[in-house]
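S.K.: First to last, the protein sequences are chains A and B.
Here the first sequence stands for residues 0 to 671, where the numbers follow numbering that gives the first Met the number 0.
Here the second sequence stands for residues 0 to 671, where the numbers follow numbering that gives the first Met the number 0.
Remember, identical chains collapse to one label, so a pair may be satisfied in a single copy or spanning two.
Below 16 Å or equal to it, Euclidean Cα-Cα: the simulated EDC-like pairs (lysine to aspartate or glutamate) are:
#, residue 1, residue 2
1, K11, E232
2, K154, E14
3, K301, D72
4, K70, E294
5, K504, E584
6, K250, D295
7, K326, E597
8, K305, E275
9, K70, E241
10, K70, D304
Simulated from the structure, these hints should not be mistaken for lab results.
There are 2 protein chains.
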Amino acid sequence: MGRATAESLAKKQKEISIGEFFQANKQILGFDSLTRSLITAVKEGVDNSLDACEEAGILPDIYVEVAYAAKTDFKIIIEDNGPGIVKRQIPNVFGRLLYGSRFHSIRQSRGQQGIGISAVVMYGQLSTGKPTYIISKTEKEEVAHWMKLVLNTKKNRAEVIEEDFKVWDDKEHGTRVEVFVQGRYIAGKQSILEYLKGTAIVNPHAEITFKDPNGEITEFHRVTEELPHITREIKPHPKGIELGHFINMAKASKHRRMIAFMTDEFSRVSPRVAREILENADVREKQSPRTLSIEDARAVLKAIDKVKIMAPQTDCLSPIGETLIKKGLRNVLAGLKPKFYAPPVTRDPKVYSGHPFQIEVGMVYGGELPKDRPVEILRFANRVPLLYQQGSDVITNAIARVDWRRYGLEQRGGKGIPYGPAVILVHVASTQIPFTSEAKDAIANIKVIEGEIERALRLCARRLKTHLGKSAKKAKNKEKFDIVQQLLPEIAKKSASIVGKPVPKLGKTITNIMNVIWVNDNVEFEKNRHRVSIDIYNYTSTGKKLNLHAEMPTKGLNEKKIVPMPSEINGEKVTWKLKKIPSTEVINVSFEYTGLGEDELGDIELFVSEINPAIVIGAEPLPGDWDLDEKARQSLFDFDEEEELAELEEAEEEEENGDVDYDEATEVIDDE
Amino acid sequence: MGRATAESLAKKQKEISIGEFFQANKQILGFDSLTRSLITAVKEGVDNSLDACEEAGILPDIYVEVAYAAKTDFKIIIEDNGPGIVKRQIPNVFGRLLYGSRFHSIRQSRGQQGIGISAVVMYGQLSTGKPTYIISKTEKEEVAHWMKLVLNTKKNRAEVIEEDFKVWDDKEHGTRVEVFVQGRYIAGKQSILEYLKGTAIVNPHAEITFKDPNGEITEFHRVTEELPHITREIKPHPKGIELGHFINMAKASKHRRMIAFMTDEFSRVSPRVAREILENADVREKQSPRTLSIEDARAVLKAIDKVKIMAPQTDCLSPIGETLIKKGLRNVLAGLKPKFYAPPVTRDPKVYSGHPFQIEVGMVYGGELPKDRPVEILRFANRVPLLYQQGSDVITNAIARVDWRRYGLEQRGGKGIPYGPAVILVHVASTQIPFTSEAKDAIANIKVIEGEIERALRLCARRLKTHLGKSAKKAKNKEKFDIVQQLLPEIAKKSASIVGKPVPKLGKTITNIMNVIWVNDNVEFEKNRHRVSIDIYNYTSTGKKLNLHAEMPTKGLNEKKIVPMPSEINGEKVTWKLKKIPSTEVINVSFEYTGLGEDELGDIELFVSEINPAIVIGAEPLPGDWDLDEKARQSLFDFDEEEELAELEEAEEEEENGDVDYDEATEVIDDE
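Using the sequences and the hints given, assemble the complete structure.
M.R.: Shown next, in the form of structure tokens:
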């Protein structure tokens, strides 16, 4: 073959259409294997439906069907009760790559790229040669629009082959996609069912019905009528915004003065803040944004870095929340009865490159979870479960960076995915998830995001550890108690019978040995009912008076069955001012929960006050912040959290010193 | 905020320009951290330069400079002696995403997407606000063209801000890019230097000069004047082609008959093969491709699956080759002196979705390689080192699927990345590498590719194991020999001196004990010279005659220094018909190598013939295929290879039964 010259090359240099590009690189869109292609097709459809319903404030009802068509061809139907799509936009939404409504909005949504569903249409026709059928009806219209369309990959435009009106049962509004794709149907870990299950967990407001190729129907019922709050569209946050992006915004601004531009086109920039920034940057307030020089733009960005600006609004984000995280974990674990659920961590929103994001972490440990396997990682991005590319996800990276040996997990060299009986759930919510590819499988390794996840993981792990520690202590107390309560009398009885003497009263003896107040709690579960019983033994030589405090879940608590009546109930905080307990005697406090699953009852923490805590076993001294309201306590806690983190990080850094990072290598310059 | 309706959503539904999309998702292009952005920028430039030079049959001279500009801003210069770019194409090549010459060509090249270098220009202006400067000169032109350009992201077009002619020293042709990007410069594992080093290893025909931000210059010298063969552009191979793609080709065909279309537009389809396919599909030879129905197209594809079609031409691919793989590994290992280099495996080309691909694997083991860390994995795609996203690469997946415990590495549960003193190099060459994203970091998990890599890994590992086995045996022989040769005489001497008698001759005694022919080889290295000495001891009671055969590297062999003169030298196969060795006597064979590094001398394998091999220690019986020429032997070997693989796989499958795949889950239907 001839060797190329600049001229012969010039002839070959030409535009590549976006359609051709993705057709040739369908793996980038998540169509790299038959199994995965089927999952991707369902995922893109369902994510779209959920976004549309939520935007329109509609509780989603989604029907998904996967049916055998030909050999490896499947028919996929996804039908929702969303707002519908107006007729002229149907071909664009389904038949053009890079077309959509969410790309330009700064708020959390599942789809952002305007690629997903049209990619499904494209892959469908590439793999089966068949067109896609759309039905959509809006509230204002009497009938639905029906279209049969294909995607012209060279032009990246839809071709509507046939269209018609259609009476659509009694559906008020909604959209139905019917697409044929080549695929392979599997059950198990990375499957449609698994994706839908994960989706149902973090979208409890959705009703999802799934009919699999064998005709079996699985229903994920709505468990709340409450929609997640509609995420509010915000303006870009100035922190971390890119120079080029800033200059483009300035050039395109309708404002004539920098002060107005800064105040109006960014989040959290008040006139005062704008003035401070401009002053700091030595840029005039009256300077026109359109003629701003690169040097001035650079100065403004530098000033933004220095000036204190409020964190972004949180209402552009929609975190999963503590309850659902716990529920999600419980659901996944099914019969494995883990011993401990660490209280989930939800961090405050932070910003990367001007995009707000927020991290949530949940963790469970023990029970029948497998001990000799890598921990299970559950990844979510904007309430969508991520099933593929775990290895290249920032979540995995962050997990691999924590030294889990400190938290009781096995980890070779203190790096990498730990082994042990644990499940770790991480949710990244953001107005723009930085996915590593259009397939939206994995989140790119952005340093600030990684750092936040790491922090959340450490905090959650620390909570788990504290929890494990307390629990171990409790078990030990229990053991001692059993010896005193059961073994000693047993021995006394036996000895008495041998020597033929009456069984001695042991109260006094035990008192002499122990000299403690012993708080012993016990939970029994039977028929949907948890019975909690707390015995307070006075093993001292004099009568004792004390206050008992419990921090306990309110869900399922039968307030009428608390005996004796508490002196105070304040949310989850309950206080009993107990009457004096005579020496060697015991008094009991008990209460009941109903309607909870066996492993659903949260922790009950016991504290005592108005007694020397040194002589109490089985309850902690009441902490100083007990009286504060929840919010004040939380802020106290947040403070501790940051300090604790700093300590943790310092300790780990010391150990890691001199070590090359897993994915980053030694830095020569460190002035980011 | 208001709830959306179909109508309000319709207003927001709009086109997203490719430029805007990638600006908002720059992480997809490899610009997700400061460190990585700098590497990506250099990588895209250098890959482009190498492709251009090779296409034009020019030995590449590439100059790379990274210099500090502002705080975290860097100036990057990449200059080559390629064919240059004609003036009108300069703005397109550097200022438009999805524009290039290699996307539509079916042959191995580094760049294929038409995105890389324009993405660098885009990221440069996004992060620093600065334009890019291009100089290019073609052979036909007297002077070079100089341009200063930016990328208009909304329109995805270049804007030429300034242009001029420029006298360019005495450069005959070439291109120089000067771009400013925000970044962070690091040394170490994932760095520019590391990328260039890897590039130099697998592109030994390139001269690469690198000036780092501290002004230090590193030169990677050209070690061969030979260009890799220019890869030939081929037509698509019919195996595995997608239905939609096939239909598109048929519709766009200039041919009027299926027979002509099939024969002319596909690789390896002769008229005979085309006829067989069409007959099988029950499609008329005269059928017009343009009016082919989906059903007929489907039938043709089905027939293609059944009909035997030659494997794709290999000249569209350019594998690294055995020598360079060894060299590459050696280079990386530097001082770690691994004990064993497994002979690299180069598999025959295979096809995925109509794209030919080829796998190469190399492996080293032992020495001072760290024993308690995961093995080091070196990944290459079309002669480009891959530095990021190791976790989501098909290469990593394939490595994780092999049970390395069989090959002497530590691996928990027989899955995952093994631990131990080994380095594994894998090269995937293809006319289209299925990258997981536009950043070209990792190869998607395509089943056929994964399978081929797995097979290559197993073969290479098996070779390593055989090698280790032989070596252990040799060491044991050596030990025994040392006892006989040194210890026994030592004892004899000592005993003799104690009892005051003369030292007995031990030859006879040893002969009585042993009754063997002992072949003992020894390699000494001194001053660039390897001296190989082989002693053949006759520890039997009668004189023995035998032929000694050595399979030994020819590189560096000084044929004049072979003593005694061999009876035959046939490539790497050397035979000595030795004269009779009297009982208890020894004869010696020796030869020399010069000019090799200490660890550069390959294995020498010794065989014997015309003697009962059962009485020989230290050499194997001559294999039956010794007389065959290299090719015949190779085909024999290939046969064994496939059989061996089948055995290996069967054995592993048995063990794995009931186990869920790492990344695939249980299959319900298995009819792909």
